[in-house]
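Engineer: Line by line, the protein sequences give chains A and B.
When we follow the working numbering, the leftmost residue of the first sequence carries the number 71, and every step to the right adds one.
When we follow the working numbering, the leftmost residue of the second sequence carries the number 150, and every step to the right adds one.
Please keep in mind that the hints were generated in silico from the structure rather than gathered at the bench.
As the structure is a computational prediction, the values presented were derived from the model and not from experiment.
It is possible that part of the hints are untrue.
Stated by the list, open to error - Selected chain B positions facing chain A (in silico; Cβ < 10 Å): (1) Val-162; (2) Lys-191; (3) Phe-239; (4) Thr-252.
The C-beta atom is built at its ideal place from N, Cα and C for all residues, glycine as well.
Residues per chain, in single letters:
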Amino acid sequence: GAGVSQSPSNKVTEKGKDVELRCDPISGHTALYWYRQSLGQGLEFLIYFQGNSAPDKSGLPSDRFSAERTGGSVSTLTIQRTQQEDSAVYLCASSLESGRVSEQFFGPGTRLTVL
Amino acid sequence: AQSVTQLDSHVSVSEGTPVLLRCNYSSSYSPSLFWYVQHPNKGLQLLLKYTSAATLVKGINGFEAEFKKSETSFHLTKPSAHMSDAAEYFCVVRPYNAGNMLTFGGGTRLMVKP
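Given these sequences and hints, build the entire structure.
Structural biologist: This is how it looks when you write it as structure tokens:
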């Protein structure tokens, strides 16, 4: 079956603009995660959704970052007033459940470049 | 708080020789531990995971890792490297009480020489 997909694969934007990144998880996966991979910080957890529960936003770096998950499926990560330090690869993952041993399947990522 | 340290940022081996990628973790509670691989321009793929069952874990593509609680280590090994193993490898920890957050190590880039 299809894996996790993300769009766009690459996004170049100007400082100060807003961007939206999309994630389509694997069908039937109830848990969805966003991570950021950057040169200086490695791979960082951003936010986690599980079913209809309130998301775990503990990893979001600032209030310019927000995410939604509509209908328990597709998720959108929004970055407002982008800064150059937001340049990174944004990775989405999904898993069947939220158990600590359940495997997270990762998408190919969206490479964001802020000029 | 939990953390993961990958002791080598780069490892270079010759094809056919053993691979050792080192990982040490710190966690207040019994963790789940994972190794992921990332090939260029590809998504992260799970190699193997430790979940408090057998301490020697076998994964895909001939990789295995041994959980050593006394040393807080979870090193990744493979008896014989293949050119296709060249990639970046991440050691990952999820502590028992940390919900669903994965904490990633800094990564080790494995280079395989012919």
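Engineer: Could you check the structure against the hints above and give me the numbers of any it violates, in ascending order?
Structural biologist: 1
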